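Colleague: Using the sequences and the hints given, assemble the complete structure.
What follows is each chain in one-letter form.
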Amino acid sequence: MSTEGVRKLSSSRVVTDAAEQEAFCRREHPRLVASLTAYTGDRDLAVELSQEVLARACLHWKDLADMAAPGAWTHRVAINLANSTFRRRRYERAALLRAGARVLDSAPEPAGPLPAVVREALRSLPDRQREAVVLRYVLDLSVEAAARHMTCAEGTVRALTAQGIARLRRHPELADLKEPHDD
Amino acid sequence: MTDPRQVLGVPIDAGSQPELDLDALRRRTGQLRRRRRSAVAVAGSLLVVGALAGSVLVRHPHHDSERLVSPVSSASPTSRVPAPTAGPSTGATEAPDRGSTSQVPPQPAFVANTEADRGTSSGGGLALTSIRVARQDGYDRVVYEFSGPATSLPGWNVAYNATPTRDFSGLPVQLQGSATLEVSLRGLANSSADSPPFSGQLLPTDTVLLREVLTTPAFEAQAQSFIGLDSQAPFRVFRLTGPTRVVVDVLTP
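Protein sequences, first through last, are from chains F and G. The numbers in the numbering used here rise by one with no breaks, and the one at position 48 of the first sequence is 48. The numbers in the numbering used here rise by one with no breaks, and the one at position 45 of the second sequence is 45.
Simulated from the structure, these hints should not be mistaken for laboratory data. If you're wondering where the values come from, they're calculated on a predicted model, not measured in any experiment. Yeah, the Cβ is synthetic: ideal placement off N, Cα and C, and Gly gets one too. Treat the hints with care, since some could be wrong.
[Said to hold, decoys possible] From the derived model, a few chain F residues whose C-beta atoms are all more than 10 Å from chain G:
#1 Y91
#2 R123
#3 S124
#4 P172
[What the hints assert, rightly or not] Here are the simulated distance ranges between beta carbons:
#5 F:A175 <-> G:A24: 41 to 49 Å
#6 F:R123 <-> G:T241: 41 to 49 Å
#7 G:G242 <-> F:R90: 40 to 48 Å
Modeller: Take a look at the structure:
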């Protein structure tokens with residue numbers, strides 16, 4: 001299980017500050033890309049979002065240094081960005097349809113390392129269930145850490161994870177998935 | 001039964017490690033920083049203009065009587081009393097777990113009404129040192145400044161009052177304007193003969209709705225201030241630190 005350490009910045013020198021930021025970004029980037037790829041189903045979008053989130057983290061660096069769990073902050077910002085990207089795409093699509101443009105019934109499949117059936121199944125989950133499943137099984141977080149990332153109670157994480165897995169199991173290819181157990 | 005981690009976990013192989021583009025990252029951070037600075041600069045310049053036009057009532061320890069000092073220029077654009085941003089603050093996503101205590105509390109887009117507003121005090125032992133009035137873009141502002149223990153916070157009860165009366169004497173208060181906003185400030189130190197309580201009258205000329213601010217001497221840890229307005233407008237009250245202040249904003253048409 002991953003752990004979130006307390007990060008305290010040495011406030012004195014700018015040089016140390018930049019080095020800390022770079023180390024943080026290098027550490028967080030693969031984790032953000034992994035979780036966002038599973039969450040959005042689109043790896044290219046995940047990389048783009050991760051860059052944006054980390055730029056904002058560097059902008060708010062002083063505040064992040066005071067936090068016990070800066071990783072939870074970056075995750076929250078990332079999910080919010082992903083959700084607003086989808087919202088914007090939906091509105092644009094609806095606007096195009098209203099304007100009479102010929103829109104493809106399904107957007108071209110985005111590039112992604114996950115098999116299409118898994119991407120499809122994840123997409124069918126409500127946002128919060130998908131987020132819980134991603135945090136627990138893609139990032140391998142404990143229930144406690146996932147709760148911090150989602151700013152909700154541990155019981156809520158457990159419920160959302162169970163609901164998410166149950167819904168995924170409806171897909172014939174994923175009927176074999178193991179039920180979540182407490183750990 | 002298959003472990004979900006095996007199915008959902010993004011496979012990590014040599015080719016799929018995501019590349020972090022540090023140069024692009026730095027460029028983007030710089031861009032965000034510049035955008036934020038220009039937003040602050042616009043707000044700050046509005047503030048400086050407002051402060052220059054405003055009038056100030058300052059208490060001097062060596063004078064028993066009040067002096068009306070006008071005009072007074074405020075500090076730099078990043079000065080202590082900020083103007084609110086036009087809409088929600090930069091970025092659609094503000095961290096919910098921001099633990100840091102910043103000097104400026106997150107200010108909502110002018111969420112105000114004519115209902116009574118209350119803030120709780122803590123600590124005590126504060127003294128009112130100055131009252132400033134300034135016209136800002138979209139509202140008239142009154143700033144009550146305090147000195148005293150750094151950990152103490154002033155409290156307030158601000159409400160429209162159709163029949164304002166002085167606490168101690170019970171005498172009615174006559175003010176310029178047709179509506180009176182009564183500001184009760186709590187958490188003050190008991191005044192003594194050595195440190196006479198702050199009182200005075202302000203008659204600003206450049207504000208839109210605000211006609212007069214009359215402050216009576218503090219009594220039993222409370223100071224009473226009456227704001228005379230042309231009409232009952234929505235208002236908001238909030239606290240600032242460094243130095244400790246209570247700000248009353250009245251929305252102007």
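Colleague: Is P172 (chain F) truly not at the interface, in the sense that its beta carbon sits beyond 10 Å from all beta carbons of chain G?
Modeller: holds (13 Å)
Colleague: Do the Cβ positions of G242 (chain G) and R90 (chain F) conform to the proposed distance bound of 40 to 48 Å?
Modeller: holds (44 Å)
Colleague: With d taken as the least Cβ-Cβ distance between S124 (chain F) and chain G, does d exceed 10 Å?
Modeller: The assertion about S124 (chain F) holds, with a minimum of 14 Å to chain G.
Colleague: Can we trust that R123 (chain F) is non-interface, i.e. its beta-carbon lies farther than 10 Å from all of chain G?
Modeller: R123 (chain F) clear of chain G: closest Cβ-Cβ about 13 Å, beyond 10 Å.
Colleague: Please confirm whether Y91 (chain F) is truly not at the interface, meaning its C-beta sits more than 10 Å away from all C-beta atoms of chain G.
Modeller: holds (15 Å)
Colleague: Hint says 41 to 49 Å; check whether the CB-CB distance for A175 (chain F) and A24 (chain G) agrees.
Modeller: holds (42 Å)
Colleague: Does 41 to 49 Å hold as the CB distance between R123 (chain F) and T241 (chain G), or does it fail?
Modeller: holds (47 Å)
In the structure shown, no violation is registered for any of the earlier numbered hints.
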